[in-house]
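Read off the chains here:
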Amino acid sequence: MDLKDKLISSFMAFENNVDIDSPVHDERSEAIKNFEEKGFPTKKEEAWKYTSLNSLQKIDFSIFPKEANALDYKDVKKYFINEIDTYKIVFVDGIYSSFLSETTHDGVDICLMSSALTKPMYKQIIDVYFNKIASKDESLTTLNTAFSREGAYIYIPKSKMPKKPIEIVHFSTGNEASLLLQPRNLIIAEENAELQVIERHQSLTENEVLTNSVTEIFAAKNAIVDYYKVQNDLSTASLVDNTYVNQKDDSVVKVHTFSFGGKLTRNNLNFYQNGEHIDSIMKGVTILGEKQHVDHHTLVHHIQPNCESHQDYKGIYGENATGVFNGKIIVDKIAQKTNAFQQNNNILVSDKATINTKPQLEIFADDVKCSHGCTIGQLDDDALFYLQTRGIPKKEARALMMYAFANNVLESVRIPELKARINKLIAKKLGVNLGFDL
Amino acid sequence: MLKINDLHARVEDKDILKGINLEVNAGEVHAIMGPNGSGKSTLASVIAGKEEFEVTQGSVVLDGEDLEDDAPEERAHKGIFLSFQYPVEIPGVSVTNFMKTAINESRKARGLEDMPAKEMLKLIREKSEMLEIDRKFLSRSLNEGFSGGEKKRNEIFQMAMLEPRLAILDETDSGLDIDALRIVANGVNKLKSKDNAVVVITHYQRLLEYIVPDFVHVLHNGKIVKSGGKELALELEEKGYDWIKNEAVV
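If you're matching them up, the sequences are chains A and B in order.
Under numbering that gives the first Met the number 0, read the first sequence as residues 0 to 437, first letter to last.
Under numbering that gives the first Met the number 0, read the second sequence as residues 0 to 249, first letter to last.
To give an idea of the interface, some chain A residues facing chain B are shown, with a C-beta separation under 8 Å as derived from the structure:
id, residue
1, Tyr385
2, Arg389
3, Leu399
With a straight-line cut-off of 16 Å between C-alpha atoms, the simulated EDC-like cross-links for lysine to aspartate or glutamate are:
id, chain 1, residue 1, chain 2, residue 2
4, B, Lys191, B, Glu27
5, B, Lys229, B, Glu27
6, B, Lys49, A, Asp379
7, B, Lys2, B, Glu64
8, A, Lys327, A, Glu45
9, A, Lys253, A, Asp225
10, A, Lys418, A, Asp225
11, A, Lys336, A, Asp249
12, A, Lys368, A, Asp278
13, B, Lys49, A, Asp380
14, A, Lys122, A, Asp25
15, A, Lys393, B, Glu73
16, A, Lys393, B, Asp69
17, B, Lys135, B, Glu125
18, A, Lys357, A, Asp311
19, A, Lys220, A, Glu275
20, B, Lys49, A, Asp381
21, B, Lys49, B, Glu11
22, A, Lys247, A, Glu275
23, A, Lys393, B, Glu50
24, A, Lys262, A, Glu205
25, A, Lys394, B, Glu73
26, A, Lys393, B, Asp68
27, A, Lys393, B, Glu51
28, B, Lys193, B, Asp213
29, B, Lys222, B, Asp5
30, B, Lys222, B, Asp14
Only part of the chain A face toward chain B is listed, based on derived beta-carbon distances under 7 Å:
id, residue
31, Ala382
32, Phe384
33, Thr388
34, Pro392
35, Ala403
36, Asn406
Derived from the structure by calculation, the hints contain no laboratory data.
These numbers were taken from a predicted model, which means no experiment stands behind them.
Don't be surprised by glycine CBs; every beta carbon is placed ideally from N, CA and C.
Please take these sequences and the hints and turn them into a complete structure.
Pasting the structure below:
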């Protein structure tokens, strides 16, 4: 049985396991119908031209993990930003780990999607927000919606701010030979609220994992959401991340994506500007080697006037790594005075590495500023020579230049401990110890 | 200290250096002058070890050791410093971090521990004061958005930090106003000692009023066609390079 059939036939069993009277029952049923019709995306579709899910579909993934797996904190401590205190929503093989988590209901709700979907006290919010910005058409998003049950639920009321950053971490233990995970996150920042989120997916063994994640983010008037995705998984783990952001007046949402690992990573990052004076910021650093593949698909839909969007993605590709950047910007006719900026710079450090980069601008307004640029290059020989004449060996000089190349993306990271972590990861990926943080 | 013997070098298929002979001893200042395209900058790059240039004949010898197989960083570790005509911008690396990396890499090559942070800061302060460099300047990205004069002053700051045995200053005077020129020349003069040597490459005589050479060489068409004392520079300033070219042809 191929993976699509397996998923469709598993849906009944899944629905029997969850509350059939749940308010999202209808949404799930609609979603599975859409997925049944569409199936997995293929390379024939423009949006999937450079990323194939074929080989993943041949793997016999377990759809429901057999049992909860306990992990010792000391064994997984290093995957948390353990230098600082954080709220933690932790899942092991897709199942919530109360032992590793630190949730709260103290003025803000930082807890579980499974509770939010089933407990009456959350019904009103679920009705308003759940599956409201996520696509009802895109097949992998609807697949996730069909099986939506578990993930992070974060609700920050008006003018509140959690005391500390929130970490959402998914571990897979390898207890299953191969495992499909479908986390579903809902993040709501009400008017003038602010929060910081760090999301990470981490395999602990080399058994195959495929994660098809959907995150919906709602930023109300004047809210600030600062979101960091750390993608440094093992080379047997694949991730499809579908993130949908709905912004209202004067809100700022920043998403940083650090892609350093994994087998196949697809980031679908979609911003919808439903208000004025909104700022949407997307930044990414990608450093890949081996046969790793990352595909960044961004969308900013400028729906109202006087808004800004800033995209800055840097990529360093070595060995046989392949990368894709596809940045789509839509400016509606009424969205005058839009300022949309998009930049994608890449360095290829191997003859066999590949990058496909494509800006896609659809502008219907006439008084806008839209700039985009993409570069693909090698390291500048003159700059290398300059550093060498100062006594810096070629290997370190190359690393220093690549480090510096990625640096301006790190400047906007607001959690210093995370920034230090990312700095170290970059240095490690580049195989050097520079002895200082930029 | 430095001995260049019958040096020939080419880039791609073009011969640029066609038999250079030059000897520089400790404590000396040499000026290499010449018209544009005569091979001055190529000579500087070949001494520093730039890979694009192929040495087809002859040798560059430092303290009796042929540098042929040495990478640019190894030459730097042996005490060669090149002040660039066009210093490269490195966005994202501050001047301070760059100097820390450079100094500690040189120390590592000599089997020394990293320089303690306190000592490093003291050194940076001392040398930046000598070149009248603002502290704020040191936290800026290396050469990025620097004016021509700032870049050149920064080159001499790096020279002061690294204390080379042989400093080659490639057109350090170009783009400098007279005040900056004085500061730079003053810095170079303070660094001069009986143990090190300076090779000044310049098109004009102006810098040589401040950094006074013991020897002046005229490079033309890849060869040194005339050598003399500091008065040769004045003569060149007055008469231009044409008479040298004509003399060379004869």
